[in-house]
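If you're matching positions, the sequence shown starts at 1 in the numbering used here and goes up one per residue.
It cannot be assumed that every hint is accurate.
Distance ranges between label pairs, derived from CB positions [said to hold, decoys possible]: (1) Val54 with Asp108: 16 to 26 Å; (2) Ser5 with Gly75: 15 to 25 Å; (3) Arg99 with Asn53: 17 to 27 Å; (4) Gly64 with Ile6: 17 to 27 Å; (5) Thr105 with Gly17: 22 to 32 Å; (6) Ser10 with Gly97: 40 to 50 Å; (7) Thr38 with Val114: 31 to 41 Å; (8) Tyr2 with Ala50: 14 to 24 Å.
Note that these hints are calculated values from the structure, not bench results.
Don't be surprised by glycine CBs; every beta carbon is placed ideally from N, CA and C.
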Amino acid sequence: RYVTSIDAESGTVTVGGSEYLTVDGLVADRPYWLADDTIREIDCEVQVRAHGNVVPARLVRVDGADGEEFHLDLGEPLRGVAPGQAAVIYRPDAAHGDRVLGSATIRDTRSVAVSA
Numbered sequence: 001r002y003v004t005s006i007d008a009e010s011g012t013v014t015v016g017g018s019e020y021l022t023v024d025g026l027v028a029d030r031p032y033w034l035a036d037d038t039i040r041e042i043d044c045e046v047q048v049r050a051h052g053n054v055v056p057a058r059l060v061r062v063d064g065a066d067g068e069e070f071h072l073d074l075g076e077p078l079r080g081v082a083p084g085q086a087a088v089i090y091r092p093d094a095a096h097g098d099r100v101l102g103s104a105t106i107r108d109t110r111s112v113a114v115s116a
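Sequences and hints are given; from them, build the entire structure.
Here it is, written out as structure tokens:
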């Protein structure tokens, strides 16, 4: 069993099987843009861990209740992504090298087990 979510307000800890550790989407807030801060929607790549896989994603930038955030639909599922981790956004560029667009703090994830 694994902790799949924590609700600090109610003190609720939810546990589930390993299938709940794989995610296909996430919400990140407090973005820090290094380039192209006017982007509203883009196909990009995202990396969650320093040595983690870089995966294709579709980013949609929205105005959330607590400020700016973005939603990422991952082109490939990732395992073990948790709130509080950083999501770094890249624009692939074969000619000049990938360009870092920015980063944000992961607030929520969408489990593949729940999406199915």
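Taking the hints in turn, this is what the structure says about them:
1. Val54 with Asp108: 16 to 26 Å: Between valine 54 and aspartate 108, where Cβ atoms are some 21 Å apart, the hint holds.
2. Ser5 with Gly75: 15 to 25 Å: The hint (15 to 25 Å, Cβ to Cβ) holds, given that serine 5 and glycine 75 are roughly 24 Å apart.
3. Arg99 with Asn53: 17 to 27 Å: Given range 17 to 27 Å: holds, Cβ gap about 18 Å.
4. Gly64 with Ile6: 17 to 27 Å: At 20 Å between Cβs, range holds.
5. Thr105 with Gly17: 22 to 32 Å: 27 Å, holds
6. Ser10 with Gly97: 40 to 50 Å: 46 Å, holds
7. Thr38 with Val114: 31 to 41 Å: This hint holds: roughly 33 Å between Cβ atoms.
8. Tyr2 with Ala50: 14 to 24 Å: Given about 22 Å between the Cβ atoms, the range holds.
Going through the hint list in order, the structure satisfies each hint without exception.
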